[in-house]
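So the sequences go chain by chain: Z and G. Using numbering that gives the first Met the number 0, you'd call the opening residue of the first sequence number 0 and step up by one each time. Using numbering that gives the first Met the number 0, you'd call the opening residue of the second sequence number 0 and step up by one each time.
Everything labelled a hint here was simulated from the structure, so no lab data went into it. Glycine included, every Cβ here is placed at the ideal spot set by N, Cα and C. Treat each hint with caution, since some may be false.
[Said to hold, decoys possible] Computed beta-carbon distance windows for the label pairs: (1) Z:GLU109 <-> G:LEU10: 30 to 36 angstroms; (2) G:ALA51 <-> Z:GLU220: 39 to 45 angstroms; (3) G:LEU444 <-> Z:ASN308: 33 to 39 angstroms.
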Amino acid sequence: MLIYQHSRSGRRATAQAPLQTADLSTIPERFRRQQRAALPEVSEMQAVRHYTKLSQQNFSIDTQFYPLGSCTMKYNPRGCNSLAMLPEFLARHPEAPADHSQGFMACLYELQEILKEVTGMQAVSLSPAAGAQGEFAGVAMIRAYHDARGDTARNEILVPDAAHGTNPASAVMCGYRVREIPSGADGDVDIEALRQLVGPQTAGIMLTNPSTLGVFDRNIEAIATLMHEAGGLLYYDGANLNAILGKVRPGDMGFDVIHVNLHKTFATPHGGGGPGAGPVGVSERLQPYLPVPMVARKDEHYHWLTEENCPESIGRLSTFAGNAGVLLRAYVYARMLGGEGMERVAEYATLNANYMLKRLTDAGFDAAYPERRATHEFILTLQRQAKELGVNTMDFAKRLLDYGFHAPTTYFPLQVPECLLIEPTETESREELDGFIDALCRIRQEAEEHPEQVTGAPYNLPVKRLDDVRAARELDLVWRPDNN
Amino acid sequence: MPFIPHTEEDLQEMLAAIGVPDIETLFDEIPTTLRCGKLTRLPQAISEMEVAGLMSARASQDGAPVCFIGAGAYDHHIPAAVWQLASRGEFYTAYTPYQAEASQGTLQVLYEFQSMMAALTGMEVSNASLYDGATALAEAVLMAVRANRKSRSGRVLVPRSLHPAYRRVVQAMVGKQNIELVELPFDPAGGHTDPAALAAFEGQDIAALVIPQPNYFGVLEEVDLLTDWAHANKALAIAVVNPVALALLHPPGTWGKEGADISCGEGQPLGAPLSSGGPYLGFICCRQKLVRQMPGRIVGRTRDLDGKIGYTLTLQAREQHIRRSKATSNICTNQGLMATAATIHLALLGSEGLERVAAACHANTRSLVQKLTALEGVEPLFSRPTFHEQVLRLPIPADGVLRQLSAQGLLGGLDLSRDYPELGDTILVCATEKRTKPEMDNFQLKLRAILRC
């Protein structure tokens, strides 16, 4: 039932609004709204009940194991939430002068320093609002660097076929053409193919390492050398940083620019699709181009770096300073972990993934890259089950929901047929992993004995399988009184 | 170990199951030459109790000044229920609803959000949020250039009366895609974009015209004339609106003869705390016929196998995870939780509640302006009608005045000299429904004292 269907004309929940309506005579009639917007009219309790019940129709980290590959669905500590929501932080206006902002700015400054250390980069800007905006910022800086040198013939960005779709989309937004690099049979970038594609037209390469194939690219040093010799720069997509935190740093691998998804590695909540935060870090030569604003410190006093102090900056990517509340959550998390805690994140995330990979392959499932170690995630391919049993990956995924587990990422990366990309994260217990493994084995048994039981799933959720074709063909995107 | 559940026994059994002697072995594919040592430059771990002490001290260090700044972020009352509900773990810790059957809560909320935003703006369709107001406008500009097949120029007219940060963000985001942003001057007396100033562009190839309502100065633009001009010149009309103002002002869908083509803006006034500028939420709505050019997530209502109503992400063929380099935008993670809060906020206020909020902001700002302009040398800069912000001229430089006010716990507006040096010693003030008469009297008193010195 929609909130609109609880609505009755004349019902009021306006305890939250000022009691009286005010004089509007100074707004001429031609500017005035003639008809009220169709918003629901419900009591406060009706709204509370409605949205509470809706929340209960969600899977979430707080209620289910959520092994969505490349999304790092780890526990979101409550302390980070409550401390970022202290009343003074919530009430701080973005244009408040620096004198009224020293506490807030100290947190941002220290977060910049923490991210510099864990990524091995020279400087950090926190402002990008999500990973994709961080990618845009990174590629824009690569372009600004080449442009500043008069090296304007470089019009291509290289992207592996396993990359997130945001990579090529971000490169195009910066005015580049995208060339795709194939992955080799072992999951590493096909370095010979790369050699053929690199040239004077290459502006840079965007890599995720570990890649979305769930393996660490062992040729990264050779790739970095190849790119740098050709005059191109290396962009690091931080989506999988959780796997290597405190073990190996993008800066040490030869990357020139990176973004970090704080909503993944730094445990800020995913919120049903954001807000995230995608700070960017750079090597020395890209520092002048970082997006503004940033926080600097002089004589124990914090001040903003803006367009005025950073004339070569690629500019501003949000009205104010990005998703500040998310940054505060990440800062609190980083302080609770410390250096040692960060290393443990990578260690236990990797332990959990390798444990699951081993147990699942022992149980007869096929790993996409059986000869490789898992990183913090790994890929199973259900191609054999799909062929032999007529039960595909999506069917397995939907049936997992019935067993009370959120499905892993499905059908991504695109080049592994019938794949499940599984990322358990470090915050899951062994019992939870075992439960998931048992469920997958049981579903396979169901698929062997009663395939329709799997292909018809899910059964235990608020709705059965939804008609996506109808959704796209008979578009119904907004409720109206005549569209009940 | 913070947030890691493994016991020593778990660890040993899991290592044995994998068949490795220790965790370190699991990292043996990483070339040893690349491995970093200990991260010694990071601070030592501290407990939740200690970090709570630190954060509380920093929060109180910043204090809680009384805020008369608007300028794109507004201090509205947020009903208690909004964040109690939005902070529920089931909303707060879910992700993008890729598995629709397990995400009906988030999906239905987003469908309701789309419905409410379409109703407020008077447009046919809405998406499920973008990052913030400025990036929403950048996406709207890209969308308009894609959609306007009659235009080849990629020229977009942007009024100087639009928020300066929006103009910068749009430049940063669209500047590399053969789009030219042309600045339109504002009328020095009225503070609005004089429709007559558009005559210079008559007959030229223009892809879109950006129309803010109200504009950065709080001034109401002649939206009907501007929209009609755009359409007469084969340009798309892009509205940039404050959603609270729309409770009182006629919505973009009804501007001019045909209505605006795209409406976007900052959703912060709908339930997002000021929070230093984020997280907020951008919104974008458009005509039905442009929906396939719209960026970002879109939720559709459909049926399940039994014919029961359900919700799912739709039109995904526009998006980066399907279309990759040919996508309408690179956006993936957006501001879902803020859209959830905005939906609950709107459900609690309803049209009448929102109207009262808007009217109270308008009245408070008028009242504040009356009090301040009663002081000698303080006068309103522009003559035209305003919504809930106004530009005031001061007899002495603004930065000194604001600094003295701020030292006394009062943020007395925004100094415009940085972005509009041509306006001289001016400030932009705003009094939302939360500002009380004593606070405004106090502002007057303090300003009087400063001006007398």
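Practice prompt. Please name the hints from earlier in the document that this structure breaks, with their numbers sorted from lowest to highest.
Written response: none
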